[in-house]
Amino acid sequence: MEGSPAPAALHWHGGDDAMDEDFSFDDIDRWEIGKERQKFRRYRTRHLPSTSQLAKDLQIPAKVERRPEPELPSFPEEPVMDKQESPVAVPRIKHVKEEPDQPSDAGEDSFERFASGVDTWLHGFTSLSELLSEFEDICRDLAEAVRDEAAEKHRAVEDRVLRQKAQLLHSEASSWALLWHLYGKEDSMEDNQKASTSAQVASEFVRNDETAQTCLRLVQWLESLASKELDLEKKRKGWYAGSYTQKLGLWDQTKRAIKKNIGTHYVRHLDPDAPTREGLQLHPEDQKLEDGLLEDVWKLIRAGRITEAQDLCRTSGQAWRAASLGGCLTGYSSTMQNAFNERALEAIELDGGLGRQRKLWKWACFCASEKIASSEGGRYESAVFAAQCGNVNHMLPVCADWESAFWALVRSWLDTQIELELSDRHPSSTIDSSSTWPDPVVEQQPRDFINLFQKLYSGNLVSESVRRSCKEQHRLIQMHVVVSDIAALLEMLKTWILPSRDDSSNIKPHGHPQMIRFAAHLVLVLRSILPEGLKEQYADRLELVGDLILNTYVIFLFTQQKEELVGPYASHLAPHLCVDLYVHMMELRQNDSEMVKRKLFSSAMEYLPFYDDGKKGSVSAICKSFLDKSRELKPSVSNVKAEDSERVENLQKGHSVQWMCFTPRAGLPDSELMRIELLALALQHSNILLREISLTSLWRSVEIPEGSQALFGHLAAPLKEEADSVLLHENYDTKENYQEFLDWQEYFSCDAHYRSWLSTIENFSSPEERAKSFATARQALDTATAFLHNSEGKWLLGSEVINDEAFESVELFATVVLSRPSDPYFVPDPTVCTALNSALYLCMGELASSQRNLTVNVAVNPQNNMLLDIELKCAALEGEGIESLVSSDGGFLSAIMAAGIKGELPHFHPGVAIEVLRMDAFSIHSDGVRRDAPFVARGICRRCCLPELVLRCMQIRAWLPVSEMAASDDPEDDLIQLVASGALQGLFSGSQLEEFLLLEREIVLRRMEAGEDEPRVSEAEDMLHE
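So the sequence shown is numbered by this note's numbering: it starts at 1 and just counts up by one.
Source of the hints: derived by calculation from the structure; they are not laboratory data.
A portion of the hints provided could be inaccurate.
Label-pair restraints from in silico Cβ distances [to be verified]:
(1) D724 with V648: 32 to 38 Å
(2) H426 with E532: 50 to 56 Å
(3) Q537 with N208: 21 to 27 Å
(4) V702 with L673: 41 to 47 Å
(5) K794 with E112: 36 to 42 Å
(6) H123 with A323: 17 to 23 Å
(7) N865 with E112: 43 to 49 Å
(8) E112 with A319: 49 to 55 Å
(9) H789 with G614: 51 to 57 Å
(10) L673 with H123: 19 to 25 Å
(11) D724 with V962: 45 to 51 Å
(12) P575 with L633: 22 to 28 Å
(13) Q590 with Q745: 19 to 25 Å
Taking lysine to aspartate or glutamate and the DMTMM-like style, the derived pairs with C-alpha atoms no more than 20 Å apart in a straight line are [as the list claims (entries may be wrong)]:
(14) K597 with E649
(15) K624 with E606
(16) K634 with D580
(17) K235 with D148
(18) K562 with E536
(19) K616 with D119
(20) K237 with D148
(21) K629 with D782
(22) K597 with E112
(23) K235 with D119
(24) K873 with D927
(25) K772 with D782
(26) K535 with E210
(27) K185 with E149
All residues carry an ideal CB built from backbone N, CA and C; glycine is no exception.
Generate the whole structure from the sequences, applying the supplied hints.
So this is what it looks like as structure tokens:
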């Protein structure tokens, strides 16, 4: 079959022509509008005044003809009428018809049922063959449900749409059945050691010949479909062809006519050959019954129910016809061999020669079909005999549907292949008419399957309805499956369900939902069920195009709020696609409820490995990628203030940790270990975010950093419950991270009390408000001073040894925004970038920068022109990596960045400060490996946050009246001692020390005004200057 040109029918990619001409997905859209119209009418019936009452109020006559409703569904806008207006003809409705509930969409149920089947298959509870059978059963059940829905009274458009949906599901069921027969069904033929009969020879040939084996499976597929249709007909009507017992074949009316000598055009004898031999007709009543009988016999033969067809003939009084259907006990499959006596066939063929009786019978059937057709006899009678010998020319005229026509061609081709094999093995020893069999039907047969489909599409004997059916989507799918053209099949499915490349604005799949679902499940099945040869041949297409189709279906499920169903399909994507897709979905559900988030995250934990195995995307990779991406800065929005955008981003960053706090299902393997791993990862990421949030919230304003509150809200309780287990975790430096997290809790508690005090001084008029403000100030001051004394300046110090391994250099990458009091955020230009680059280099002195091999690079952020990207790199000295020691205050780079954040860079714009939005530090080791260096970020936070906290305490103390402080309270003295000591003194800049002294003087002056002791400002200055 390879290398043969594909017929035109196999190269069509669908579109509007891919379905029957009566089928249009636009009807489904109009049906959706109709459903909305029903909702509107139900609302109008329940909540608006009835038209009869309205007519009574408006004094409208009762007898008014009702205007017909428009055919197309729409949303009519009913005018609100005033009683003073002139009356308008409004129909008076005596009885309001109750609108039925909107038609149930059986397709909605298909997504859950198919996902359930895939789930049982992935967990090993069912085989792939059983899964295909389950898919077929699901489609048939849903199609039947839709048909039942359509049987109820609906509008014309709704009824049409329901029937089209039923037909689509029915066609899909036949496609799953085809895959089961071709690849899922086991070979039930017995391997006979010695073929002694023509039936055994036929079975051996079919078993060993690939084309014949495919033909047999196709015949069985088509016959099973027809058989199921008969069973369905019996279920609906209570009977089907062959299930009644009336004596229809006795020609009673013809017999009476012969006895009474009525009519000269009726046959004169009642033997079976009389109509053909005499060239006369049966009585019209008998002929009608005869045609009905033969049509039923044809249906049974078409369904592979030869035994039932024979029983029908006997029941109808035509035992001779039952014998003609049995022939010479031929067969080529185990199911057919059960219908005859093996010993009787062997005796016949030993006596007359192998296959001799078979040829005679086949030849007789061929002659009978030709004779009946030439004498303008019944079409079905000619087709019945033609089916026994493979005479396609007289089978196709009665085939009104695609499946019947395909069955006629395939069965005839199979029979002819078997006859040719028998003739080659056992040539006839006699010369007569039958000795040339099967030559009369060989010319009717195709060369291969592609040629067969060409005959099916363009044959002269094929009906127009069959040709139209060749354009239907599932018929095209079945043709490609039969010819094993998997690449063309996948490309065709892709064009049906994926947006075109030209339509860049369309981000949603444009295919029909049921077709998207079918394509995704077909990819899963083909990847597992195809023979190894076909898998290797189409491996690239199955991977690339298959991933596109699966990705489209996952996106569709996600857009339909079916997050719990995405796991089985996303797990079959390439690892990087799976990770990227889950990260994107988590970003889109970031602002949804906890239940929705939990469903999506649970689907990943259920079907993906937790750790990376190289074969599938992993939960750990998804979490790390999502957390990293959550820190990315979003492009600026023109109509949103920069400070508001920053606040929203910090809040979203804080909520990103919530995903790591979901508890895995208890039944999952290593669920406890997964839980601890997620918390440890969340703990590490939270500290990174808290460092960044602290540096963006150094302003003395009332706005509370919501990102930190979100972090503590999500993590505080889980960490408290699992503290012991988390501390025992080996990865992510959990002990150090846990201590840092506790340190940040204390710091932001002080920050929250300070901002609470700031909010109270805005309204300071009434005595109650003043008392509240004083109390809040005392609480903020006590909390901060207690924190500073308890930490003894060791806040965020961390450990001195890092990785037990020295490193050679340190890198710092930061995304910042420049701010100044007059203009909080302004757009930097190239001149500003150059000036900032120089200021950072000269911050610690040119000599020191040269000795440390400092390199600085400042550039405008490509995504947001208000932001700057800063890159610093320097060599490590002792205490910063050499001899495995780490500086407690972050080292050289930390000092440079802290100066920029405080707005004290030399040779730069006065008062302009750097506000850090994102910050990452790395240590570069001798082997070239880059590792995280959190000590640099901690050092920057120590240099910026601790001095600011001390200054806030001094600000509160300077604001509080002396009368509000207890006699024993002297916090400024303790702060002076703390600042003057070595623990904090090196963290203050010159301007911060100057502000500290000014606040101390103000406190002393207030005390002097209150009549207290002499000022001690000189003592404080001496201590600080030392």
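To see whether the hints hold, each was checked on the structure:
no., hint, result
1, D724 with V648: 32 to 38 Å, "holds, 36 Å"
2, H426 with E532: 50 to 56 Å, "violated, 36 Å"
3, Q537 with N208: 21 to 27 Å, "holds, 23 Å"
4, V702 with L673: 41 to 47 Å, "holds, 44 Å"
5, K794 with E112: 36 to 42 Å, "violated, 57 Å"
6, H123 with A323: 17 to 23 Å, "violated, 53 Å"
7, N865 with E112: 43 to 49 Å, "holds, 48 Å"
8, E112 with A319: 49 to 55 Å, "holds, 53 Å"
9, H789 with G614: 51 to 57 Å, "holds, 53 Å"
10, L673 with H123: 19 to 25 Å, "holds, 21 Å"
11, D724 with V962: 45 to 51 Å, "holds, 48 Å"
12, P575 with L633: 22 to 28 Å, "holds, 27 Å"
13, Q590 with Q745: 19 to 25 Å, "holds, 24 Å"
14, K597 with E649, "holds, 19 Å"
15, K624 with E606, "holds, 18 Å"
16, K634 with D580, "holds, 17 Å"
17, K235 with D148, "holds, 13 Å"
18, K562 with E536, "violated, 34 Å"
19, K616 with D119, "holds, 16 Å"
20, K237 with D148, "holds, 14 Å"
21, K629 with D782, "violated, 39 Å"
22, K597 with E112, "holds, 19 Å"
23, K235 with D119, "violated, 31 Å"
24, K873 with D927, "holds, 17 Å"
25, K772 with D782, "holds, 15 Å"
26, K535 with E210, "holds, 18 Å"
27, K185 with E149, "violated, 33 Å"
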